[in-house]
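Peer 1: Chains as they are written, first to last, in the working numbering: chain A, 12 to 145; chain B, 12 to 145; chain C, 12 to 145; chain D, 12 to 145; chain E, 12 to 145; chain F, 12 to 145.
Be careful, since some hints might not be right.
Straight-line C-alpha distance at most 20 Å; calculated PhoX-like pairs for lysine-lysine [as the list claims (entries may be wrong)]:
(1) B:K37 - B:K89
(2) F:K109 - F:K37
(3) D:K37 - E:K37
(4) B:K37 - F:K109
FYI, nobody ran anything at the bench for these hints, they're computed from the structure.
There are 6 protein chains.
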Amino acid sequence: MFTVSVRDHFMIAHSFEGQVFGPAQKLHGATYVVDAEFRRAELDPDGIVVDIGRATEALSAVLAALNFRNLDDEPAFKGRNTTTEFLASVIHERIATKIAAGELGSHAHGLASLRVTLHESHVAWAAYEGKLGR
Amino acid sequence: MFTVSVRDHFMIAHSFEGQVFGPAQKLHGATYVVDAEFRRAELDPDGIVVDIGRATEALSAVLAALNFRNLDDEPAFKGRNTTTEFLASVIHERIATKIAAGELGSHAHGLASLRVTLHESHVAWAAYEGKLGR
Amino acid sequence: MFTVSVRDHFMIAHSFEGQVFGPAQKLHGATYVVDAEFRRAELDPDGIVVDIGRATEALSAVLAALNFRNLDDEPAFKGRNTTTEFLASVIHERIATKIAAGELGSHAHGLASLRVTLHESHVAWAAYEGKLGR
Amino acid sequence: MFTVSVRDHFMIAHSFEGQVFGPAQKLHGATYVVDAEFRRAELDPDGIVVDIGRATEALSAVLAALNFRNLDDEPAFKGRNTTTEFLASVIHERIATKIAAGELGSHAHGLASLRVTLHESHVAWAAYEGKLGR
Amino acid sequence: MFTVSVRDHFMIAHSFEGQVFGPAQKLHGATYVVDAEFRRAELDPDGIVVDIGRATEALSAVLAALNFRNLDDEPAFKGRNTTTEFLASVIHERIATKIAAGELGSHAHGLASLRVTLHESHVAWAAYEGKLGR
Amino acid sequence: MFTVSVRDHFMIAHSFEGQVFGPAQKLHGATYVVDAEFRRAELDPDGIVVDIGRATEALSAVLAALNFRNLDDEPAFKGRNTTTEFLASVIHERIATKIAAGELGSHAHGLASLRVTLHESHVAWAAYEGKLGR
């Protein structure tokens, strides 16, 4: 299996509902440093996993739609706790949509899976990985 | 698959038996920076992989029982080389026991597997991963 | 010159006033990974720069008073932009106050200066350094 | 599953052919920081995944054969784009050959798989993983 | 003293002349991860060291003029070894020129000094720092 | 000012005397990842701060004399607590001696100062810096 990974970040405010979250029930915020790992069984005709320029742009575009926001105000997350692991799955889904729409190039349809990792500090991070494809 | 990871560390002395260990047969020591990665297929009812506060405490408690020790004197490791990879499996087993005992909350029974990584320097690390569950 | 550094983090929400801040004028947030570097010319009678346990506790206590907050609501920062560099100076001042109050031990009066660095992402950080002492 | 990882690096010049590579079609270069992760189901009779000294030497020897070169001039890569993901597979194959030849010790025949990761910057990396064995 | 730092990178080919460089006399290459640390005694009227957006753009523009090049072919470096420490001073000078030209905003004239660090691998880096200003 | 830095590591056992050290009074150990930063005002005739190959060897040789030891048994440290900050000064002195003896080349006599940093974990490190030369 081959992989290519790119890194970017975004900065948001949010709060959580539920006793399990303790002091994080108050409005606070986070920087998320995000790694997107693209995977496939064999290299494409250009000898690559994915066009790294387009992969970087796709990640950047997905994060731009979240960056500098209060996630408590986002209709898309109504009634959901925007935990690190949940946000990883949201970003996974949005990049997968771009791949399906051809935004990462036609060869990107050969990508097998994607892992999205969000680092929230030097001592905590979360990830979601799932298959890609038609 | 969803994951949540937390990081902590411990500092020990030990020595190894066997020619393969070269100069590490002498009493020396190490700082181990430890990552515990908790995994499950779906988020729990709180929208999380695991209560990160309890996961951090569990890791910290397991490492406290090893920290500031000479592992050569520990009855639990009698006759064993406390290599980095072996210690990863020990920490895995001890966290798994805490999960089974309910110390990470009742939803933690839904955790599928755990990966424990020990970084021994900027150029070497080892890990053990295995399933969790009843 | 000798130094000892310890690291911790905090997570906050805030917004900025002023065109120079662009999209950061909206309510957003950040994780700040904080390094406190304590400096002195000569080691103290125990052969150390500072009691690292107390230094870690002091940093942790200062960050706990900021953690999981919306800094826009904090009276202490009324009318101020809580930029990364400004927050570095605030944390510097609060640790310096603890040192002056003897909370880091009597030998800590021999500390010459302190540098506080706040990492806001993998590509941006800010610091404040200044003298300590009577 | 147990793993042991070691890190080293090499520095090369190269260029790429194909529009997808944009400005990287010009002669440029890279530092690759390389992680080799060795995996096996159970520890060997010495209680280890692999002799870390020999693993480090094997990685170092493989990288020495690439270091300080212009890869465009290497016969082994004639007609191939030496992308990060392709180089990861090359290094995988060369370490696998050393394992098969017994250079990592006789117990190394029990290794199940190998993952080779090449970090090309703080925001991009690529990997190849594949099975080992007879 | 206050500082703000930003990070970016560039990838080049080059070779060195002189026996002291050993195998690096051959054409090879490097990724340089570059940190630019901007320093001033007091914050500017916006409560910042420098407009971080403009600082990031300035660093990016300076690196773009070096990125994806063979430095042996650059007229600017004719007869010079483009060592890591020398390149740090070149980037320092080019950012200083942009500050003097007002590209980082009018308040940037209050910057006191600049440190430019180039990381060439996980085990080696070099820096140049010097005063700024009229 | 120009700097060049190189990194290596060593692994030791030791214990401390004095109530201030708490549980670290027991025999334990540490991995120290060591950075040696060489500084000078102007580049030498080869356009470098120091021969990085020789600097790396000098650091490696100094650390080899400490590696895989119980520092409590070392005559050189009799009656001293081998704290991180103290060890930084020891390594500084030993590298300085090598520079004075010409082991880093004749141009190394132009080095102005040296900073030695020991990272003992992901959340703690210490350094010693001092002048070099006649």
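Peer 1: Is it true that the CA of K37 (chain D) sits at most 20 Å from the CA of K37 (chain E)?
Peer 2: 18 Å, holds
Peer 1: Within 20 Å, alpha carbon to alpha carbon, are K37 (chain B) and K109 (chain F)?
Peer 2: With Cα atoms ~27 Å apart, K37 (chain B) and K109 (chain F) exceed 20 Å; violated.
Peer 1: Does the structure keep K37 (chain B) and K89 (chain B) at a Cα separation of 20 Å or less?
Peer 2: 17 Å, holds
Peer 1: Holds or violated: K109 (chain F) with K37 (chain F), Cα cutoff 20 Å?
Peer 2: The given pair, whose Cα atoms are some 34 Å apart, is violated under the 20 Å limit.
This entry does not satisfy hints 2, 4, going by the numbered hints stated previously.
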